[in-house]
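Whenever a hint applies, use it, and build me the whole structure from the sequences.
There are 2 protein chains.
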Amino acid sequence: MEQQHEPRNMSSKNHRRGPWTIQQQHTVYENPWIKVDHHDVTAPTGKTGIYGTVSFKGGAVAVLPLADNGDTWLVGQHRFPLDEYSWELPMGGCPKDEQPLEAARRELREETGLSASSWQGLGHYHVSNCITDEQAWGFLAEGLEQGDTEFDDTEELAIQRLPFDEVLAMTLDGRITDLVSVAVIQRARLLGLA
Amino acid sequence: MEQQHEPRNMSSKNHRRGPWTIQQQHTVYENPWIKVDHHDVTAPTGKTGIYGTVSFKGGAVAVLPLADNGDTWLVGQHRFPLDEYSWELPMGGCPKDEQPLEAARRELREETGLSASSWQGLGHYHVSNCITDEQAWGFLAEGLEQGDTEFDDTEELAIQRLPFDEVLAMTLDGRITDLVSVAVIQRARLLGLA
Numbered sequence: 001m002e003q004q005h006e007p008r009n010m011s012s013k014n015h016r017r018g019p020w021t022i023q024q025q026h027t028v029y030e031n032p033w034i035k036v037d038h039h040d041v042t043a044p045t046g047k048t049g050i051y052g053t054v055s056f057k058g059g060a061v062a063v064l065p066l067a068d069n070g071d072t073w074l075v076g077q078h079r080f081p082l083d084e085y086s087w088e089l090p091m092g093g094c095p096k097d098e099q100p101l102e103a104a105r106r107e108l109r110e111e112t113g114l115s116a117s118s119w120q121g122l123g124h125y126h127v128s129n130c131i132t133d134e135q136a137w138g139f140l141a142e143g144l145e146q147g148d149t150e151f152d153d154t155e156e157l158a159i160q161r162l163p164f165d166e167v168l169a170m171t172l173d174g175r176i177t178d179l180v181s182v183a184v185i186q187r188a189r190l191l192g193l194a
Numbered sequence: 001m002e003q004q005h006e007p008r009n010m011s012s013k014n015h016r017r018g019p020w021t022i023q024q025q026h027t028v029y030e031n032p033w034i035k036v037d038h039h040d041v042t043a044p045t046g047k048t049g050i051y052g053t054v055s056f057k058g059g060a061v062a063v064l065p066l067a068d069n070g071d072t073w074l075v076g077q078h079r080f081p082l083d084e085y086s087w088e089l090p091m092g093g094c095p096k097d098e099q100p101l102e103a104a105r106r107e108l109r110e111e112t113g114l115s116a117s118s119w120q121g122l123g124h125y126h127v128s129n130c131i132t133d134e135q136a137w138g139f140l141a142e143g144l145e146q147g148d149t150e151f152d153d154t155e156e157l158a159i160q161r162l163p164f165d166e167v168l169a170m171t172l173d174g175r176i177t178d179l180v181s182v183a184v185i186q187r188a189r190l191l192g193l194a
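Protein chains in written order, with this note's numbering: chain B, 1 to 194; chain A, 1 to 194.
A few of these clues could be false.
Where chains are identical, the list cannot tell them apart; a pair therefore holds if satisfied intra-copy or between any two copies.
[To be verified] Straight-line Cα separation of at most 27 Å, BS3-like style, residue types lysine-lysine; simulated pairs:
#: 1; residue 1: Lys35; residue 2: Lys57
#: 2; residue 1: Lys47; residue 2: Lys57
#: 3; residue 1: Lys47; residue 2: Lys96
#: 4; residue 1: Lys96; residue 2: Lys35
The set of hints was computed from the structure by calculation and includes no laboratory data.
Here's what the structure looks like:
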């Protein structure tokens, strides 16, 4: 890891990225999930400054499982970066070599034990594009069958089965604040899918 | 900045954060907007591992300005971390010492030249809680009056005035992917406000 703390010039000086110019760039931190780079830049306006970015090595997938009776499932956990308990859709990471739909199938099965016979997309999002390149994909999963959960060995998860209308209300009254969950749940209602 | 690359122990060893235990923590990067910390942790399950987090020094505010005829405004810019052009609601940073509503008034005025006589909240969100503690607030702004823009000296922004129904459609067909914009626009329709 040590060499990541040493400045590394780009192969070409004054590298362009869209209307931005990167004078110099070096990686200040890297772990299996993220890479943090510091840049000396010239903004599109010509103003010089700095820009720190967080690159994600994978994306995120969130699944809205919908039972025949209209129920859905939420997963609860204490989110370490936030230091708060958070109720969310079943979700997880999508490594670069995994298709989002396959990651969604896997995460739904691991976190809720559910498998689904019918899948459709519920959006592709850029999560926080001022600092990161994080992407997220939403999915609706129907035709559900219950199996066993397979939690990651770092996850301590709670599960609730609730009517979709209650979960939608939770996105509107502040009980669900996770932005990916909010967007995917609200999109399902706007499209008349749930 | 150099001392930030040196490991710094917490004042108490085995510091608790909810069900997590932090064995050791050090800051690996800091700039005026974010701080990146590396942690050696014990997960709630008892498994040991690492966790890199990005702490935001401010939040984000996004404003849905709504004209009497139902039009709204989008702002376009090339987002450096993503290296893509992105159309979004007027938005910007909310420093810790500024109230979200005041930041919303300021960002709307700076980016569109609009001021509004009527404001209401359109949600409080945790943007990407797997890695960050970033928060965002949405607002609906009505009773609009046009003034002059005051762009930041790093911003090269384009502005579009469009019917709200068209902007809502853009969140559903992938022309708007910025997650904060998507959530705030869709919430306004679900609440019957736009």
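Comparing the hints with the structure gives:
1. Proximity of lysine 35 and lysine 57 under a CA criterion of 27 Å is satisfied in both settings, with 8 Å inside one chain copy and 19 Å between copies.
2. With identical chains, the CA atoms of lysine 47 and lysine 57 are at most 27 Å apart between copies only, with a shortest distance of 22 Å across copies and 30 Å within one.
3. Only between protomers do lysine 47 and lysine 96 lie at most 27 Å apart by alpha-carbon distance; the minimum there is 25 Å, versus 34 Å within a single protomer.
4. In this assembly of identical chains, the alpha carbons of lysine 96 and lysine 35 lie at most 27 Å apart whether taken from the same copy (14 Å) or from different copies (26 Å).
Checked against the numbered hints listed earlier, the structure breaks none of them; every hint is satisfied.
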